[in-house]
Amino acid sequence: MATGLRPARLRPSDLLRLGGYGLRSRPLRAVLSALGIAIGIAAMVSVVGISASGQAALDARLAALGTNMLTVTPGQTMFGDEATLPDEALSMIERIGPVTSATATGTVTGTPVYRTDRIPPGETGGLAVTAAQLDLLDTVNARLAGGSWLNAATARYPAVVLGAAAARRLGEVPAVYIDGRTYSVIGILEEVPLAPELDTAVLIGWDAAKSYLSFDGHATRVYTRAIESHVEAVRGVLAATANPQNPDEVDVSNPSDALIAQRAAARTFNALLLGLGAVALLVGGIGVANTMVISVLERRAEIGLRRSLGATRGQIRTQFVSESLLLSLLGGAGGVLGGGVVTFVYAGTQQWPAVVPPWAVAGGLAATLLIGAVAGLFPAIRAARLAPTEALAAA
Amino acid sequence: MRPVIELNEVTKSYPGGVHALRSVDLTVDEGELIAIVGPSGSGKSTMLNLIGTLDRPTSGTVRIDGHDVAALSDRQLSALRARRIGFVFQSFHLAPGRDAVTNVADGLLYAGLPQRERERHAEKALVRVGLGDRLKHRPHQLSGGERQRVAVARAVAGDPAVLLADEPTGNLDSASGAGVMDLLRELNTSGTTVLVITHDHEIAGSLPRQVPMLDGQVV
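Chains A and B supply the protein sequences, listed in that same order.
Numbering of the first sequence is given in my numbering, commencing with residue 1 and proceeding in unit increments.
Numbering of the second sequence is given in my numbering, commencing with residue 1 and proceeding in unit increments.
Since the hints were derived computationally from the structure, they do not count as laboratory data.
Treat the hints loosely; a few may be bogus.
[Unchecked claim] Just a few of them, taken from the derived set where beta-carbon distance is under 10 Å, the chain A residues facing chain B:
(1) R11
(2) R17
(3) T312
[Stated by the list, open to error] Just the calculated beta-carbon pair ranges, DEER-fashion:
(4) B:S23 x A:L370: 47 to 57 Å
(5) A:L273 x B:R56: 54 to 64 Å
(6) B:G97 x A:F378: 24 to 34 Å
[To be verified] Facing chain B, according to a computed beta carbon distance under 7 Å, are these residues of chain A, among others:
(7) R6
(8) L305
(9) L309
From a predicted model like this one, the values you see are computed outputs, not experimental measurements.
For glycine and all other residues, C-beta sits at the position ideal for the given N, C-alpha and C.
Excised from the complex, chain A in its bound form (with noise of 0.2 Å):
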């Protein structure tokens, strides 16, 4: 007869009704011991979900941009001076197969840009005139910002468009200063992120620089897009084209890799900020292990009637664990929320498209089950071993 006795097994719903039974007798203190779980994760999907937006927004950009865009400069000689490009090195590059368009602008130097001939002497923007030839918006993907790019008549007279930058320092003039001389803008770019030198650079037919400002004539950077499949084979013999004489001398860049290196960066940022975020969940665990202590010793006069009415060790136990995965899963599903809220907020301010990644809302509830068993394991395990009698003397 002995054998028929077997205790009845809970029902999942009857567990749940179980660990939500401590608290909901002491909601304020559940809610707070559940805030500490809640800003660890919270912390967590932010610094993830602000990353992926931040990565999802370069993502979008560089697929507008383009990443076959590949720019030639001359470095420097094997004695250290300045190298220079040959003469024929566009066309040369104009040559390879896959290169679907070059084209150069040539530095010019020692010729200070003022707004009007009124400014003394040295008082520069920091500005570079910079020849330009005709097809260079096509090639690193400008755009206007007002007026109109220079053409083959424009390219030959004192006509000048200038860069973003370039445009906000010197302000809305209708003409600019340049060694004596007056040149009318016609026209005012937006900012190029392939080609940030652009932004800073006040742009001048390659003809009209030869004539008034004494322009040698040589580029100083070669501007390539590629087929997209075979930009590093361009890459690989770009140097080689451009100077074969002296390939060393030739540096060759890809400016969506500076793109890319900045987001590098960021994530190293964001290692640090996730620890801190681990370190936050941390301290959430030790508030509910805590919790689940103190709850255990205020209820050993309910862990003797519940042993009373026939609960076995077992059931005391999963009852206590229960309740502290609920009360974890409470803070870690509002850690989520909060941490997409978050995400969404940021990301709006900076026009990023915003992205919460699945696995970082799945792996955020997986480490609050985790801290909830860890957590609920030790007090669980003290409250099923309390003798009966003992637990309802406590009474």
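Given the structure of chain A, go ahead and fit chain B onto it with the hints provided.
Same frame as chain A, but now just chain B:
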């Protein structure tokens, strides 16, 4: 009559040479209403713990509803308590903030009944103890006597073989106490075996059988 409780030369000692019970024999048959009476320190609470299978004897045998307690594991004892033993405590032990039905229904949680069944049984038990109009009242809205009736309802809702009441009137005024004793008598009339532990000789005297105790022995 089948014996529900059988104690045979039961001894309970605690470390430090305290003998709470010394070689106690007691047999309670099905359907009995019995009082264990004695002053504090006489060993009656120890007796309740042993009969309620909350504790095990140092020596001797305890059989409840035919089961030898010594032969059962902690899990099996829990199952025995869940199905065959009902407890009523001096301090009621009701969950604050839960209405009467919930308190009684929670007593059936470990008997394995689903929620609906538990509530149905709970309502029936509350009607049985005369609280049919107090189903949704919470403990703080009930008088002491009513609270103890809720506790009695919880103890009998699962139809146990024996109802153990530990000083059930200890926290009540005499009128409420008499009401609770009447209720226990009623339950006994309808077939429940009831064992009351009390220090009050008057209450003990009102029951058909008394087991007086002193210094851990039945006298």
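Please flag the earlier hints that this structure goes against, numbers listed from lowest up. none
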